[in-house]
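Chemist: Sequence:
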Amino acid sequence: MKTVFVLFDSLNRHLLSPYGGTRIPTPNFDRLAKRSVTFDKHYVGSMPCMPARRDMLTGRLSFLHRSWGPMEPFDNAFPEILAAEKDTYSHLITDHFHYWEDGGATYHNRYDSYEFIRGQEGDPWKAMVQPHWERLREKYHDHNFSKQRRNYKSQNMINREFIREEAEFPSVQVFDAGLAFLQQNAEADNWLVQIETFDPHEPFYAPARFRENFKTDYEGPILDWPRYGRVDDLPEECEELRANYYATVALCDHQLGRLLDEFDAKNLWEDTALVVTTDHGFLLGEHDFWAKNRMNIYEEIAHIPLFVHDPRRADKAGSRCDALTQTSDMAATFIDLHGATEPAEMQSNSLLPLIDGSPSKREAVLYGYFGGAVNITDGHHTYHRYPPDLATQEINQYTLMPTHIFDFFSPEELAQAQLEPAMAFTKGSPLLKVPVTARSPMYEVYGPGTLLEDTTVLFDLQNDPGQNNPIDDPAIETRLAEMMSRLMAGVDAPAEAFDRLGLTNSGAAATP
-13 MKTVFVLFDS LNRHLLSPYG GTRIPTPNFD RLAKRSVTFD KHYVGSMPCM PARRDMLTGR
47 LSFLHRSWGP MEPFDNAFPE ILAAEKDTYS HLITDHFHYW EDGGATYHNR YDSYEFIRGQ
107 EGDPWKAMVQ PHWERLREKY HDHNFSKQRR NYKSQNMINR EFIREEAEFP SVQVFDAGLA
167 FLQQNAEADN WLVQIETFDP HEPFYAPARF RENFKTDYEG PILDWPRYGR VDDLPEECEE
227 LRANYYATVA LCDHQLGRLL DEFDAKNLWE DTALVVTTDH GFLLGEHDFW AKNRMNIYEE
287 IAHIPLFVHD PRRADKAGSR CDALTQTSDM AATFIDLHGA TEPAEMQSNS LLPLIDGSPS
347 KREAVLYGYF GGAVNITDGH HTYHRYPPDL ATQEINQYTL MPTHIFDFFS PEELAQAQLE
407 PAMAFTKGSP LLKVPVTARS PMYEVYGPGT LLEDTTVLFD LQNDPGQNNP IDDPAIETRL
467 AEMMSRLMAG VDAPAEAFDR LGLTNSGAAA TP
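Under this note's numbering, the first residue of the sequence shown carries the number -13, and numbering increases by one thereafter.
Since the hints were derived computationally from the structure, they do not count as laboratory data. Quick caveat: nothing in here was measured; it's all calculated off a predicted structure. Accuracy of the hints is not assured; some may be wrong.
[Claimed, not checked] Mimicking DSBU-like on lysine-lysine, the simulated pairs with C-alpha atoms at most 30 Å apart in a straight line are:
hint	residue 1	residue 2
1	Lys20	Lys252
2	Lys413	Lys347
3	Lys347	Lys302
[What the hints assert, rightly or not] Derived CB-CB ranges, DEER-like:
hint	residue 1	residue 2	range
4	Pro207	Asn449	42 to 52 Å
5	Ala153	Asn253	43 to 53 Å
6	Ala153	Asp375	44 to 54 Å
7	Asp257	Asp16	19 to 29 Å
8	Leu165	Pro451	32 to 42 Å
9	Asp446	Asn253	42 to 52 Å
10	Gly215	Glu380	22 to 32 Å
11	Glu380	Pro451	27 to 37 Å
12	Ser396	Asn199	45 to 55 Å
13	Pro59	Pro421	15 to 25 Å
14	Arg244	Ile457	41 to 51 Å
15	Leu220	Pro456	22 to 32 Å
16	Ala91	Lys112	16 to 26 Å
Just so you know, even glycine gets a beta-carbon here, dropped at the ideal spot from N, CA and C.
Whenever a hint applies, use it, and build me the whole structure from the sequences.
Modeler: As structure tokens, then:
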């Protein structure tokens, strides 16, 4: 088997034409849908970027134990399983620079080889000791500008001085490298290549020709980086931000089209699997918010696109699947495609039986940010359960790799650490149990201190797909809370994860 795995970042499902989107022409996603199975109820798991990737590699949720962090010594990783059992060669091509920060530095080494395309967002790529700050201040809106070194925004302005021609854009180079891999290995078999781009993640920077269909009345400096949080921009600024996101999605569609052209030209459809998805969505003003991390995990963030082509199931091309699935199911799917065996620690379900018509094994799916709400959907309702007080809740990180996104756990944090006995999925390894406090480096960056919503809510997706009107139905809430408790127990959530939400490990819930 040969497999191509295409992973975008922050790609909004509801804007793609196969899912009913009309604002952005996405003809190549339409082409893909005609050749693959389109999954209609695919959801996130652990959030955001690297937690989602840990779910994909390991085949299990991590957000109840750990925030953003590296792969752990006890983690399974599907590329290593494929190599050990089937001698399957894996190659990662990515411009996602978080892989090379402290909080992600153990992911790319799980593949046989990898290529890193430089220049996205705050990637510490180009060195400019004395930038012309005043010229840059005139060029960029305040949302995009910073003079602070070791800051994503200041580094992004410097990087963009070296990314001007279309061929220089990182996502274009990623797909160039992906096509080169396919051409160089055309006669080979038994491999998996992951073609992964940071686009359309902010800042929304695309070649000018992709903006032609998205005109706005905005006349100010460059504005393509929304602030995380509530919308407080002028209307014309909001339209400019959205237009730049649309242009970046159009760029992604074009790059996908280049890959599909290669599949058509070489008839790779006959012997090569193709899986296309994203890690999460992104709010563009819906619910009066920009971005993610700060608010409830609404459907625009949680409900994500997924397309799967299996050459052995070509008769399913153009069909749809409404079974519940989530990001952790990627691991089992790749293992199944290549005929390997899932390790016992995985809690991942292959998508292939669903394509054949088997029912989903999932009655519901859990998802969330570490330290925030625990969220659940059964496909009909979504339930978002918060602790009574985010500031006083007990949460602990369980890890043997104590790093945050771009730094180590502080000595102050580690001074409070205790050695915890092995958990069911750690293969006999004890863990550091590190209490989370407001002084943790992650607390006000992507932890509980960033949340702007903290109220438990229940939505009926059938009657309110936009999640505009929470419902008050104690019977449904109790049912979903009990289901949440069972699923949390199934993923070995620590005791305090239940206590903070007023749940019990028996599957019975406290009063909503």
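Chemist: For each hint, tell me whether it holds in the structure or not.
Modeler: Now the hints, each set against the structure:
1. Note on lysine 20 and lysine 252: the hinted pairing holds, with a Cα-Cα distance of about 18 Å set against a maximum of 30 Å.
2. Using a Cα cut-off of 30 Å, the hinted pair lysine 413 and lysine 347 holds, with the two alpha carbons roughly 25 Å apart.
3. Proximity of lysine 347 to lysine 302 is assessed by CA-CA distance (about 20 Å); at most 30 Å being required, the pair is judged to hold.
4. A hinted range of 42 to 52 Å holds for the C-beta pair proline 207 and asparagine 449, which are about 43 Å apart.
5. Restraint check, alanine 153 to asparagine 253: a C-beta distance of roughly 27 Å breaks the suggested window 43 to 53 Å.
6. Roughly 52 Å separates the CB atoms of alanine 153 and aspartate 375, a value that falls within the hinted 44 to 54 Å.
7. Taking 19 to 29 Å as the suggested C-beta distance range, the pair aspartate 257 and aspartate 16 conforms, at roughly 23 Å.
8. Hint check: leucine 165 to proline 451, Cβ distance near 38 Å, so the stated range 32 to 42 Å holds.
9. Taking 42 to 52 Å as the suggested C-beta distance range, the pair aspartate 446 and asparagine 253 conforms, at roughly 46 Å.
10. Distance hint check for glycine 215 and glutamate 380: the Cβ-Cβ separation is about 26 Å, which falls inside the suggested range of 22 to 32 Å.
11. Between glutamate 380 and proline 451 the beta carbon distance is about 35 Å. The supplied range of 27 to 37 Å therefore holds.
12. For the pair serine 396 and asparagine 199, the supplied restraint of 45 to 55 Å holds, since their beta-carbon distance comes to about 48 Å.
13. Proline 59 and proline 421 have their C-beta atoms about 22 Å apart, which keeps the hinted 15 to 25 Å range intact.
14. The hinted window of 41 to 51 Å between arginine 244 and isoleucine 457 holds, with their beta carbons roughly 45 Å apart.
15. Here the CB-CB span from leucine 220 to proline 456 is close to 29 Å, well matched to the stated 22 to 32 Å.
16. Taking 16 to 26 Å as the suggested C-beta distance range, the pair alanine 91 and lysine 112 conforms, at roughly 21 Å.
The structure fails to meet hint 5 from the earlier list, while all remaining hints are met.
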